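Heads up: the protein sequence lines correspond to chains H and G, in order.
Going by the working numbering, the first sequence opens with residue 1, and the numbers climb by one from there.
Going by the working numbering, the second sequence opens with residue 1001, and the numbers climb by one from there.
Please keep in mind that the hints were generated in silico from the structure rather than gathered at the bench.
If you're wondering where the values come from, they're calculated on a predicted model, not measured in any experiment.
One or more hints might be untrue.
[Claimed, not checked] Below, in silico cross-link-like pairs of lysine-lysine (DSS-like), each with a Cα-Cα straight-line distance of 27 Å or less:
| hint | chain 1 | residue 1 | chain 2 | residue 2 |
| --- | --- | --- | --- | --- |
| 1 | H | K122 | H | K75 |
| 2 | H | K165 | H | K286 |
| 3 | G | K1177 | H | K227 |
| 4 | G | K1077 | H | K259 |
Each chain, written out:
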Amino acid sequence: MTMRASRLKRVIGAVTAAATVAFVAACGSGDSGDTASDGSVTLEFAQWWGAELPAGEFDKIVSDFTAQNPTIKIKLLSAPYDATKQQLVTGAASKTLPDVVGLDGAWVNDFAKQGAITDLSKLMTDANYDSGQLASQVQVDGKTYMIPVVNFVYPLFVNKDLLAKAGVAKVPTTRTEFLDAAKKISASGGDVKGWALPLDTAVPNGVQNDVMSWLWASGGSMLQDGKPNLQSAPVKSTVEYVKSLNDAGVIAPGSLTMKEQDKVEKFTNGQVGMMIDSLAHINLIKKNKPGLKFEVAALPAEDTYTGKRGIPYASWGIGISNSTKHKAEAFKFVSYLLGQETNAKLSTIANGFPGNKNAKPDFSGSDPMFKTAFDIYQQGYPANEFVGLAKSEDLMRSFDEQLQLVLTGKSSVDDALAKAQESWSSVID
Amino acid sequence: MTSLMASKAAAPVEQAAPPKKKTLARRLVPYGYLSPTAILIVVLMVVPIVMVISYSFRDNVIVQENPVFAGFANYTKVLTDPDFLIAIKNTAIFISVSMVAHLLLGLAFAMMLNTPLLGGVTKAVFRIVYILPWLFTIAVIAVIWRLLLDPSGVVNYVLHSLGLIQDGVNWLGDPGKALWVVTFINIWSGYPFFMISLLAGLQGIPGDLYEAAAVDGTNWLQRFRHVTLPQLRPVIISMAVLDLIWTSQQFALIWLTTGGGPLHATEMLSTYTYKQAFSEYEFSTASAAAVIVLLLTMVLAFFYVRQQRER
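Use the sequences and the hints to build the structure in full.
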């Protein structure tokens, strides 16, 4: 009896040990993109789009694809933007990216240099794909690594009630008019301020959306021949303008640690009269404050500027992992999402603008402001110089820190720009 | 006696007779039982730590296929980076002030909950109220305090209504205040754990010690100094060291409230390391910073282990 019990114990011990080893080995051998016994391929697609679209909508678009292509299955890995970013950064580092990945233009350079995402130019050639239908492509060293599927522009949002209360009849179109309107709104009483400037350094995209947008709206550039050019007159005038808004006391307090969502919340609550924000937030604002009267407009430019206005944008970009075994199938899925019909449908439900030039989003069921924004978009040009730059978040953060020094009176505009230029030059070679 | 000794000595000789194979299998059995734990410790602790240490001695790890050995270059870079030195200073202030405040508040509340002056129901109500901050997750705490401390938020409204301030105070956005404000939030969220542990300690002090002290003619303060504190000493020391270690790893609260800003005013070792890795993609310097943090934490862990052994 004792013998049997001890043998049993030994067997249990050995089985537990073997199971643990098997479990640990299984943990380490996770491989995306498997071919099933029936020859069908499963592609993993990590993105944050599903989380931002109305529930179930993205699944429908994907299931249409799998219905047309029974040999390809798509497994959606949907998570919020920040979580997706972290997952992809670690996945890129360990070369375990899912087969198809949602990309932000700001990540492309780093992922491409790490060899984590594949050269799409080659896949387009192999598949005889007509790249002429694409509105834009994000390239590194002349090769395409990301294709924007849906673009979201960042126009100026204006609270009509606050503007009227402050006695401003017309939505500002120049910097002088904007400063004047912001001053009047701030003077109209209560805690209301003219403008919100989120400069939180945890996610420093305020530099792109709320600061550099002023530069691009006047046709300026922060780069010259791909190199940083932060000490140029247009950049200096932009920073001086932001400083003048700060000196005039028209910026909502707390901007140094303000996040993008705080900005939207303050605008929604009528605490700020104007903000530069993603068009994607129109529905959110309307849902949270149904009675708020607001409209979108082109970003104000320098008083003498008459050229086309750059309008900042963010994209839902797409790329393919370099380590996937099923690049052709992955590209088939990418070209489906960029197809004229699917792309129009996706843009419509996402309230964005299509990545396929020929796709026409259907504005009939959406807010008229989207039509206005589409007109602004077509009259100007999409501008976001951070797309495709190396370590773009780091560039934004170092610029952010210098701007904070300027706004707190600890540095002059010239010194801050010289330091930012030095810092950027060490990153962009 | 001699025969007993002889029979005892003979026994192993008899048992040694079975084949060698069986002895080996039997000897391996304990390792079989230990192996699940041992494998998990190796895979989840030893391997990552060794990898991070090896990364810290190489250049451009992860982002490049073939990183080269860089000696102590990453350590030199980190230790001469002014932002890292600020992060060390901020972390030291953050953890030491938090620990002292956790201890004082925890002890004060624990003594209030242990007093015989209050009834059972009152104590139960206060116990729930005092423990509430500990029940929220850090993300919720960060959101609540960001809303409360907004320049046009509740805190400023109350202070303004009471006539204590004239203009809205920029609590988290002012470089001069941000560190103290995040420390305050951390104190608020962390004191209940001290309170619970110290309350358990207080309830374990035998009543006859107080009675003996009372017979000796001591007053309340003397009993606190000569009975309560010495009895709580092991709990206090353990909690203090553990709190220093835990608070030094606080990342989520800082990241969600200030992100290390404004102007590095709340930059901690954790946020610095995160930015190095996931924003600058400098995994080598991030690893070097992580190893330095590991060494500093090990010093604290050493005191903790020594104190535990003394007990």
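Verification of the supplied hints:
Between K122/H and K75/H the alpha-carbon distance is near 25 Å, which keeps this suggested pair within the 27 Å criterion. The hinted pair formed by K165/H and K286/H meets the criterion: a straight-line CA distance of about 21 Å does not exceed 27 Å. With a C-alpha separation of about 37 Å, the suggested pair K1177/G and K227/H falls outside the 27 Å cut-off, and the hint is violated. Taking the CA atoms of K1077/G and K259/H, the gap is about 31 Å. The hint is violated against a cut of 27 Å.
Of the hints listed earlier, those the structure fails to meet are numbers 3 and 4, in rising order.
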